[in-house]
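Q: Chains as they are written, first to last, in our numbering: chain A, 2 to 402; chain B, 2 to 402.
It is possible that some hints are incorrect.
Identical chains share a label here; the pair holds if one copy fits it or two copies do between them.
[Stated by the list, open to error] Below, simulated DSS-like cross-link-like pairs (lysine-lysine); rule was C-alpha separation at most 25 Å, straight line:
(1) 136 <-> 261
(2) 261 <-> 376
(3) 94 <-> 376
(4) 370 <-> 229
(5) 370 <-> 77
(6) 229 <-> 136
(7) 305 <-> 229
(8) 134 <-> 77
(9) 229 <-> 76
(10) 136 <-> 305
(11) 229 <-> 264
(12) 263 <-> 370
(13) 263 <-> 305
(14) 94 <-> 229
(15) 134 <-> 305
(16) 264 <-> 77
Derived from the structure by calculation, the hints contain no laboratory data.
There are 2 protein chains.
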Amino acid sequence: MLGRVLNTHQQWLCRRLADLGHVVTRQVAVADTGHAIQEAVREALAHADLVITTGGLGPTSDDITRELIAEMLGKKLVPNADVLAHIENFFAKRNRPRPERTSVETLVPEGALVFLNATGTAPGLAIPVNTGKSKTQWLVMLPGPPRELRPMFDTSVVPLLQREFADEIFVCRTLRTTGIGESRVQEMVAGPLQPLVERGLEIGYCARPGAVDVRLTAGGDTATGLVKEGELITQQVFGPAIFGRDDEEIGQVVVHRLLKLKKTLALAESCTGGLIADRITDVPGASEIFLGGVVSYSHAAKQKFLGVRAESLAEHGAVSEIVAQEMALGARAAFGSDYAISVTGLAGPGGGTPALPVGTVFIALASAKGVEVRKFLNVWDRLTFKEVTTTQALVWLLNAQ
Amino acid sequence: MLGRVLNTHQQWLCRRLADLGHVVTRQVAVADTGHAIQEAVREALAHADLVITTGGLGPTSDDITRELIAEMLGKKLVPNADVLAHIENFFAKRNRPRPERTSVETLVPEGALVFLNATGTAPGLAIPVNTGKSKTQWLVMLPGPPRELRPMFDTSVVPLLQREFADEIFVCRTLRTTGIGESRVQEMVAGPLQPLVERGLEIGYCARPGAVDVRLTAGGDTATGLVKEGELITQQVFGPAIFGRDDEEIGQVVVHRLLKLKKTLALAESCTGGLIADRITDVPGASEIFLGGVVSYSHAAKQKFLGVRAESLAEHGAVSEIVAQEMALGARAAFGSDYAISVTGLAGPGGGTPALPVGTVFIALASAKGVEVRKFLNVWDRLTFKEVTTTQALVWLLNAQ
Numbered sequence: 002m003l004g005r006v007l008n009t010h011q012q013w014l015c016r017r018l019a020d021l022g023h024v025v026t027r028q029v030a031v032a033d034t035g036h037a038i039q040e041a042v043r044e045a046l047a048h049a050d051l052v053i054t055t056g057g058l059g060p061t062s063d064d065i066t067r068e069l070i071a072e073m074l075g076k077k078l079v080p081n082a083d084v085l086a087h088i089e090n091f092f093a094k095r096n097r098p099r100p101e102r103t104s105v106e107t108l109v110p111e112g113a114l115v116f117l118n119a120t121g122t123a124p125g126l127a128i129p130v131n132t133g134k135s136k137t138q139w140l141v142m143l144p145g146p147p148r149e150l151r152p153m154f155d156t157s158v159v160p161l162l163q164r165e166f167a168d169e170i171f172v173c174r175t176l177r178t179t180g181i182g183e184s185r186v187q188e189m190v191a192g193p194l195q196p197l198v199e200r201g202l203e204i205g206y207c208a209r210p211g212a213v214d215v216r217l218t219a220g221g222d223t224a225t226g227l228v229k230e231g232e233l234i235t236q237q238v239f240g241p242a243i244f245g246r247d248d249e250e251i252g253q254v255v256v257h258r259l260l261k262l263k264k265t266l267a268l269a270e271s272c273t274g275g276l277i278a279d280r281i282t283d284v285p286g287a288s289e290i291f292l293g294g295v296v297s298y299s300h301a302a303k304q305k306f307l308g309v310r311a312e313s314l315a316e317h318g319a320v321s322e323i324v325a326q327e328m329a330l331g332a333r334a335a336f337g338s339d340y341a342i343s344v345t346g347l348a349g350p351g352g353g354t355p356a357l358p359v360g361t362v363f364i365a366l367a368s369a370k371g372v373e374v375r376k377f378l379n380v381w382d383r384l385t386f387k388e389v390t391t392t393q394a395l396v397w398l399l400n401a402q
Numbered sequence: 002m003l004g005r006v007l008n009t010h011q012q013w014l015c016r017r018l019a020d021l022g023h024v025v026t027r028q029v030a031v032a033d034t035g036h037a038i039q040e041a042v043r044e045a046l047a048h049a050d051l052v053i054t055t056g057g058l059g060p061t062s063d064d065i066t067r068e069l070i071a072e073m074l075g076k077k078l079v080p081n082a083d084v085l086a087h088i089e090n091f092f093a094k095r096n097r098p099r100p101e102r103t104s105v106e107t108l109v110p111e112g113a114l115v116f117l118n119a120t121g122t123a124p125g126l127a128i129p130v131n132t133g134k135s136k137t138q139w140l141v142m143l144p145g146p147p148r149e150l151r152p153m154f155d156t157s158v159v160p161l162l163q164r165e166f167a168d169e170i171f172v173c174r175t176l177r178t179t180g181i182g183e184s185r186v187q188e189m190v191a192g193p194l195q196p197l198v199e200r201g202l203e204i205g206y207c208a209r210p211g212a213v214d215v216r217l218t219a220g221g222d223t224a225t226g227l228v229k230e231g232e233l234i235t236q237q238v239f240g241p242a243i244f245g246r247d248d249e250e251i252g253q254v255v256v257h258r259l260l261k262l263k264k265t266l267a268l269a270e271s272c273t274g275g276l277i278a279d280r281i282t283d284v285p286g287a288s289e290i291f292l293g294g295v296v297s298y299s300h301a302a303k304q305k306f307l308g309v310r311a312e313s314l315a316e317h318g319a320v321s322e323i324v325a326q327e328m329a330l331g332a333r334a335a336f337g338s339d340y341a342i343s344v345t346g347l348a349g350p351g352g353g354t355p356a357l358p359v360g361t362v363f364i365a366l367a368s369a370k371g372v373e374v375r376k377f378l379n380v381w382d383r384l385t386f387k388e389v390t391t392t393q394a395l396v397w398l399l400n401a402q
């Protein structure tokens with residue numbers, strides 16, 4: 002509530018739940034004080050079949066959610082041997098003594114299901130609640146760190162949902178397009194989808210850095226067929242401008258494509274500063290197709306590692322078509338890869354001129370066929386510029402094959 | 002509520018309000034249906050002196066917040082001539098006819114203050130509400146797009162706060178530590194801070210990849226002094242383990258330090274795959290100190306660009322002390338930088354052995370003084386592994402100077 006941490010749980014959990022066919026009606030954040038937490042959970046249980054809390058399960062003094070909720074529901078907290086063994090093993094594997102404070106994490110409300118934490122110490126908890134509704138409600142408590150919450154949701158909460166809330170029918174599909182503006186995306190697809198909208202399909206659009214998502218949703222008995230029909234029409238409209246579905250990221254799609262084709266990649270990054278390499282290496286198995294990259298943030302680095310000619314830099318400047326070309330060819334030759342991508346541009350905020358404004362970027366793609374350069378003007382803040390440029394480069398590579 | 006858009010309003014507004022000394026007690030997101038919106042606003046007015054809504058003020062059919070709130074408060078909506086003039090001017094400046102449906106944006110609840118929209122059409126609205134509390138409450142409605150909301154908050158809401166809620170004193174300071182676990186951080190600092198806690202200081206802890214934040218807050222007349230005293234004690238306890246304050250990121254702190262010292266940096270990244278370079282190049286001005294990096298994701302790249310010896314790779318493997326050392330020395334020589342950092346490790350999920358488990362990483366720092374290598378065991382998922390290792394490398398560089 003101090004605004005020092007961005008709440009990404011809302012988006013992540015809402016998306017996962019929507020993809021699984023569940024409708025989220027409300028998200029609440031409160032300060033970690035007893036009164037506020039209990040009040041928020043009480044209000045949520047009055048409205049929803051499933052309430053998920055995040056955070057407040059750790060070992061420090063402000064981690065009070067477990068105690069507050071047990072108290073509110075009138076459940077005793079009892080030490081759990083499985084959790085203790087798990088936490089002792091966690092620290093043993095790291096050759097560190099178990100801090101005494103972690104003992105509080107072994108306490109579990111009576112009657113709760115325990116989700117052992119594959120990436121941390123505090124377990125998740127799922128408590129069946131009977132408030133007189135016809136159906137048992139569930140209160141699920143998950144740890145706050147995303148690296149703990151996310152795998153736990155997938156491995157432990159999803160099976161619980163499938164068992165307890167299987168009677169939901171709500172279908173959602175997102176198709177991720179790139180290279181087309183948000184208004185134009187809507188203009189292109191709204192007409193063809195109109196007959197399905199009349200039968201209950203809902204369409205949403207979301208502009209993201211370098212991409213526009215088209216979201217198709219429907220509820221009721223005909224939902225699956227309706228969304229499937231909508232997906233086919235959307236694919237026909239956009240063709241190769243669709244790079245992925247649902248939460249697929251472009252890096253992942255590119256790596257999987259290259260793995261399938263058994264083709265290798267090298268990078269020569271200037272203005273993206275390593276972000277393309279970072280996106281590629283986020284994907285397990287990337288080392289089989291990614292030979293490496295050079296972040297050539299200086300003239301000397303461009304010359305030394307990529308063989309960019311001093312005359313090209315002197316005559317055309319680092320942000321130029323010819324330098325992009327030489328960088329890509331140089332990277333492909335030096336790493337001996339099938340493909341090489343280079344980017345050189347002005348991320349800003351400083352350094353622009355009328356002839357070469359901030360946001361100018363040249364991307365080159367070298368392959369066995371030769372080298373091609375494209376120019377873009379990405380007028381954004383520095384971080385969004387890097388994101389947009391990275392998406393452009395990877396989408397080009399994806400469609401080049 | 003489908004999780005397709007990240008909610009950044011919460012963080013932005015909470016931070017601004019906290020910096021201005023106001024305590025935010027709750028943040029709620031609901032679907033844009035009439036019942037859910039009215040219920041959320043009614044509950045908020047029951048608890049808070051100031052309620053801010055965002056979004057739903059535009060011209061399309063799903064923009065219903067203005068009407069719903071006027072209805073709920075029993076206020077008539079009346080056309081406002083200033084708003085109409087503003088919107089007509091907005092379109093005239095762009096040589097576009099004013100769309101008829103923008104007329105709804107000129108409707109203002111009786112008695113509301115109007116905030117003209119400097120970057121869009123829909124005005125913000127501030128309605129004084131008397132629910133029988135001793136003090137007038139305010140309901141402030143802001144447009145949803147961040148580029149409209151943010152300037153409007155600064156130019157219109159801040160003066161309202163200063164006029165109506167001047168009697169707040171609330172102070173917050175975050176100190177960012179690294180290299181120490183969350184439990185241990187609390188064990189170290191809770192005792193020394195206890196006398197201040199008894200005088201009203203509140204302490205919070207937040208674990209992030211590679212860092213633990215200690216947050217000190219206080220309200221009332223003595224808040225500034227109390228938080229300042231707490232900050233000094235925390236600094237004494239953790240010394241160089243504190244790398245930044247409030248929202249400072251490690252990349253930013255490192256770049257500013259190197260700029261001040263006029264020292265240059267080069268990188269040789271294997272398992273972090275470009276993430277260290279990405280963090281460095283996120284900072285405007287990085288090009289003055291960052292000469293570049295090699296993402297050496299293959300043996301050949303390590304040998305060719307960094308001069309790692311084939312024997313070292315054959316005898317010790319890519320993830321070894323000697324290869325880390327040769328990578329750092331090679332990068333420093335090749336780029337001609339003052340400092341060079343190298344990282345080589347096993348990000349996983351595959352590829353570990355009992356002798357070299359997933360999570361093993363060697364970081365080397367080369368400088369005029371020579372080269373030093375440190376070994377870490379970062380047992381996390383792949384993405385967190387990259388984050389934690391990046392923080393370790395940058396914190397070491399920061400403290401090495």
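Q: All hints are to be evaluated individually against the structure, with a verdict given for each.
A: Verification of the hints:
1. Taking the closest pair of Cα atoms, residue 136 and residue 261 never come within 25 Å of each other, the shortest separation being 47 Å inside a single copy and 64 Å across copies.
2. Proximity of residue 261 to residue 376 under the C-alpha cut-off of 25 Å is found in neither arrangement, the shortest distances being 29 Å within a copy and 35 Å between copies.
3. Taking the shortest alpha-carbon separations for residue 94 and residue 376, only the inter-copy value of 16 Å comes in at or below 25 Å, while the best intra-copy value is 51 Å.
4. When the C-alpha separation of residue 370 and residue 229 is checked against a cutoff of 25 Å, the pair qualifies neither within a copy, at 37 Å, nor between copies, at 64 Å.
5. Proximity of residue 370 and residue 77 under a CA criterion of 25 Å is satisfied in neither setting, with 70 Å inside one chain copy and 59 Å between copies.
6. Neither within a single protomer nor between protomers do residue 229 and residue 136 lie at most 25 Å apart by alpha-carbon distance, with minima of 31 Å and 52 Å respectively.
7. In the homo-oligomer, the alpha carbons of residue 305 and residue 229 never lie at most 25 Å apart, since the shortest distance is 52 Å inside one protomer and 50 Å across protomers.
8. For the identical chains of this complex, residue 134 and residue 77 are intra-copy neighbours only, at 23 Å inside a copy versus 39 Å across copies, given an alpha-carbon limit of 25 Å.
9. Within a single copy, residue 229 and residue 76 get their C-alpha atoms no closer than 45 Å, and across copies no closer than 41 Å, so neither meets the 25 Å cut-off.
10. Taking the shortest alpha-carbon separations for residue 136 and residue 305, neither the intra-copy value of 69 Å nor the inter-copy value of 66 Å comes in at or below 25 Å.
11. In this homomeric assembly, residue 229 and residue 264 never come within 25 Å of each other (Cα to Cα): the closest approach is 32 Å inside a single copy and 57 Å across copies.
12. Taking the shortest Cα distances, residue 263 and residue 370 sit within 25 Å of each other inside one copy (17 Å), while across copies they are farther apart (44 Å).
13. When the C-alpha separation of residue 263 and residue 305 is checked against a cutoff of 25 Å, the pair qualifies only between copies, where the shortest distance is 23 Å, while the shortest distance within a copy is 29 Å.
14. With identical chains, the CA atoms of residue 94 and residue 229 are never at most 25 Å apart, being 47 Å at best within one copy and 39 Å at best between copies.
15. Taking the shortest Cα distances, residue 134 and residue 305 never come within 25 Å of each other, neither inside one copy (72 Å) nor across copies (69 Å).
16. For a Cα distance limit of 25 Å, the shortest separation of residue 264 from residue 77 qualifies neither inside one copy, at 58 Å, nor across copies, at 59 Å.
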